[in-house]
Amino acid sequence: MSQDFVIFSNTAEEYEPFIKHDVFYWPRSQATKTEYQRKLEDVFIHEKQGDHVFIVAGARVKNQIKEDSLRQRVTSSPMLTHVAKVEAIYNRPVLGYRYTHGRNPDPNFMLPFDFLEDLKLLDTYMGKPFTIENLAEIDSAIEFGRIIQTLIEEGAIMFVRAFVNSDKKLFIQSNHEDTVIQLVTGLPEVEKGEVGVSNRLVYREFPDRSSLQTNYR
Numbered sequence: 441m442s443q444d445f446v447i448f449s450n451t452a453e454e455y456e457p458f459i460k461h462d463v464f465y466w467p468r469s470q471a472t473k474t475e476y477q478r479k480l481e482d483v484f485i486h487e488k489q490g491d492h493v494f495i496v497a498g499a500r501v502k503n504q505i506k507e508d509s510l511r512q513r514v515t516s517s518p519m520l521t522h523v524a525k526v527e528a529i530y531n532r533p534v535l536g537y538r539y540t541h542g543r544n545p546d547p548n549f550m551l552p553f554d555f556l557e558d559l560k561l562l563d564t565y566m567g568k569p570f571t572i573e574n575l576a577e578i579d580s581a582i583e584f585g586r587i588i589q590t591l592i593e594e595g596a597i598m599f600v601r602a603f604v605n606s607d608k609k610l611f612i613q614s615n616h617e618d619t620v621i622q623l624v625t626g627l628p629e630v631e632k633g634e635v636g637v638s639n640r641l642v643y644r645e646f647p648d649r650s651s652l653q654t655n656y657r
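Just add 440 to wherever you are in the sequence shown, counting from 1, and you've got the numbering used here.
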């Protein structure tokens, strides 16, 4: 039996190319149970193939989108714009590349490596055509993504819970529940409370200490 999910998209840099290419990517299992669902034992909220997904565009999408046909479609916010079906699930962390196209996008924005080949097929991106330099950058990013995937498959990169605090500093979970490792030179281990980190922050994953230590010596 299929389930229904809602995705709220508020990043025009993702929404526009995804919709133009008739595909959408998102992190799995982000939904939370309602109070009623939490009382039931057989309610699962992990997306599976065949589930339906309702895509809702937010205010940033409405105000920043450049494609004329999409601007005519996204006329208010929030607004339900598309209904999709889950066709594939990748059982690994979301891996993305911050492609700017000469712009200054949201610092949290990334396009999945899996999408970059399709990105090259679009005529424009955020209202601008692709230059030779743009395409060369995307080709380099695609190769970079292939290298990362190979390292993951070979077990050379392992992932662990990561945190971004209010100062935009990045940390990864250490071997001790109450401490984290700050991603700066030397990889110092610090108390969570001292740096404003808790498990209530947005769930992220990042390569663990053993995967990073060569680059941070």
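Rather than coming from a laboratory, the hints here were simulated on the basis of the structure. The reader is advised that the hints may include incorrect statements.
DSS-like, lysine-lysine: derived pairs with alpha carbons at most 30 Å apart [as the list claims (entries may be wrong)]:
id: 1; residue 1: LYS632; residue 2: LYS506
id: 2; residue 1: LYS488; residue 2: LYS568
id: 3; residue 1: LYS488; residue 2: LYS525
id: 4; residue 1: LYS479; residue 2: LYS525
id: 5; residue 1: LYS460; residue 2: LYS609
id: 6; residue 1: LYS460; residue 2: LYS632
id: 7; residue 1: LYS479; residue 2: LYS560
id: 8; residue 1: LYS568; residue 2: LYS506
id: 9; residue 1: LYS609; residue 2: LYS632
id: 10; residue 1: LYS506; residue 2: LYS479
id: 11; residue 1: LYS506; residue 2: LYS525
id: 12; residue 1: LYS506; residue 2: LYS460
id: 13; residue 1: LYS608; residue 2: LYS632
id: 14; residue 1: LYS525; residue 2: LYS460
id: 15; residue 1: LYS460; residue 2: LYS488
As the structure is a computational prediction, the values presented were derived from the model and not from experiment.
Against the structure, the hints come out as follows:
{"no.": "1", "hint": "LYS632 / LYS506", "result": "violated (42 Å)"}
{"no.": "2", "hint": "LYS488 / LYS568", "result": "violated (35 Å)"}
{"no.": "3", "hint": "LYS488 / LYS525", "result": "holds (10 Å)"}
{"no.": "4", "hint": "LYS479 / LYS525", "result": "holds (28 Å)"}
{"no.": "5", "hint": "LYS460 / LYS609", "result": "violated (34 Å)"}
{"no.": "6", "hint": "LYS460 / LYS632", "result": "violated (42 Å)"}
{"no.": "7", "hint": "LYS479 / LYS560", "result": "violated (47 Å)"}
{"no.": "8", "hint": "LYS568 / LYS506", "result": "holds (9 Å)"}
{"no.": "9", "hint": "LYS609 / LYS632", "result": "holds (12 Å)"}
{"no.": "10", "hint": "LYS506 / LYS479", "result": "violated (44 Å)"}
{"no.": "11", "hint": "LYS506 / LYS525", "result": "holds (25 Å)"}
{"no.": "12", "hint": "LYS506 / LYS460", "result": "holds (12 Å)"}
{"no.": "13", "hint": "LYS608 / LYS632", "result": "holds (14 Å)"}
{"no.": "14", "hint": "LYS525 / LYS460", "result": "holds (16 Å)"}
{"no.": "15", "hint": "LYS460 / LYS488", "result": "holds (24 Å)"}
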